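**Student:** Now for the letters of each chain:
Number of protein chains: 2
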Amino acid sequence: MTPTIEIQNITEAECLGLMRSQPVGRLVFTENALPAIRPVNYLLDGRDIIVRASQETWISRLDGSVIAFEVDQIDPRSHTGWSVVVLGKAEFVTDIDQLVRLSDPNHRPWAPGRHDRCMRLRAAEITGRRLALAG
Amino acid sequence: MTPTIEIQNITEAECLGLMRSQPVGRLVFTENALPAIRPVNYLLDGRDIIVRASQETWISRLDGSVIAFEVDQIDPRSHTGWSVVVLGKAEFVTDIDQLVRLSDPNHRPWAPGRHDRCMRLRAAEITGRRLALAG
Numbered sequence: 001m002t003p004t005i006e007i008q009n010i011t012e013a014e015c016l017g018l019m020r021s022q023p024v025g026r027l028v029f030t031e032n033a034l035p036a037i038r039p040v041n042y043l044l045d046g047r048d049i050i051v052r053a054s055q056e057t058w059i060s061r062l063d064g065s066v067i068a069f070e071v072d073q074i075d076p077r078s079h080t081g082w083s084v085v086v087l088g089k090a091e092f093v094t095d096i097d098q099l100v101r102l103s104d105p106n107h108r109p110w111a112p113g114r115h116d117r118c119m120r121l122r123a124a125e126i127t128g129r130r131l132a133l134a135g
Numbered sequence: 001m002t003p004t005i006e007i008q009n010i011t012e013a014e015c016l017g018l019m020r021s022q023p024v025g026r027l028v029f030t031e032n033a034l035p036a037i038r039p040v041n042y043l044l045d046g047r048d049i050i051v052r053a054s055q056e057t058w059i060s061r062l063d064g065s066v067i068a069f070e071v072d073q074i075d076p077r078s079h080t081g082w083s084v085v086v087l088g089k090a091e092f093v094t095d096i097d098q099l100v101r102l103s104d105p106n107h108r109p110w111a112p113g114r115h116d117r118c119m120r121l122r123a124a125e126i127t128g129r130r131l132a133l134a135g
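These protein sequence lines map, in sequence, to chains B and L.
Residue numbers in the first sequence follow the numbering used here, run continuously in steps of one, and reach 135 at the last position.
Residue numbers in the second sequence follow the numbering used here, run continuously in steps of one, and reach 135 at the last position.
A few of these clues could be false.
Since the list can't tell identical chains apart, any single copy or any two copies may satisfy a pair.
Dumping the calculated SDA-like pairs for lysine to any residue here, alpha-carbon to alpha-carbon at most 25 Å [what the hints assert, rightly or not]: (1) K89 <-> H115; (2) K89 <-> N32; (3) K89 <-> S78; (4) K89 <-> N41; (5) K89 <-> H79; (6) K89 <-> S65.
Derived from the structure by calculation, the hints contain no laboratory data.
Predicted model only: the values in this text are computed from it and were never measured.
Pulled out of the complex, with its shape left as it was, chain B reads as follows (with noise of 0.2 Å):
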């Protein structure tokens, strides 16, 4: 019998589990009325995605956004795998106690340059869904 794959939805708590895992997302908004999308690096703060950035890039512009963020894992050779995304507002983080809590050593920028702004996307609704090899 071939294996059929079957889509199945993830929970809210795996998901968060399955974006811990990962360093590398990838930021969904809009950019003169088109659709755009950048891998960044990211932690998690909670359900919340933190992105640090320098001021003058594109993502300085999301301020106030909806933005999407999403985290995949897929195995080409076995198709199966992973997605998870995150939609909600964007805002900046300027309370120095927080910049401080979320300085994370482990999450430097990989961008060069300065990176003076710490974006949080503040999450408003959490989705996965899972490709798996049904029996």
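Please arrange chain L on chain B, whose structure you already have, making use of the hints.
**Tutor:** Same frame as chain B, now just chain L:
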């Protein structure tokens, strides 16, 4: 000397070569006025992205929309990798000769169900960025 990371633009020819090396990318679109993203398997037809889908799914609603498609590969250890984004209009292939030509046996959709819709993302713009360690 600590290596620094540089961002370099990639030529369109190189973008196409990199996309040919990967079976899975991400469709980026707008759903109920909110940013949305879904991983899909795909193939390249010239500069265009071809995705197969069932008639009933979200993908059918993209007909005529401007959407983005992203493929990336990032090594979390070395902090190097690349990301390619294709921007253009989604249209559905109905011409039978084209459908036959595009019925690549290596491009079976992974998700379950019937897949009688064939979407072409007509590439208007292809951009790529490479993160690379600089000397």
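**Student:** If the cutoff is 25 Å on CA atoms, where do K89 and S65 land: within, between, both or neither? Let me know, please.
**Tutor:** This pair counts as both: shortest intra-copy Cα distance 5 Å, inter-copy 24 Å.
**Student:** My question is about K89 and S78: at a cut-off of 25 Å on alpha-carbon distance, are they close within one copy, between copies, both, or neither?
**Tutor:** So K89 and S78 fail the 25 Å test inside a copy (35 Å) and across (31 Å) alike.
**Student:** How would you classify K89 and N32 at a CA-CA limit of 25 Å: within, between, both, or neither?
**Tutor:** both (18 Å within a copy, 16 Å between copies)
**Student:** Which holds for K89 with H115 at a C-alpha limit of 25 Å: within a copy, between copies, both or neither?
**Tutor:** within (20 Å within a copy, 35 Å between copies)
**Student:** Cα distance capped at 25 Å. Does K89 pair with H79 within a copy, between copies, both, or neither?
**Tutor:** neither (32 Å within a copy, 27 Å between copies)
**Student:** Is it within, between, both or neither when you check K89 against N41 at 25 Å Cα-Cα?
**Tutor:** Answer is within; shortest intra-copy Cα gap is 18 Å, inter-copy 29 Å.
Hint violations for this structure: numbers 3, 5, all remaining hints satisfied.
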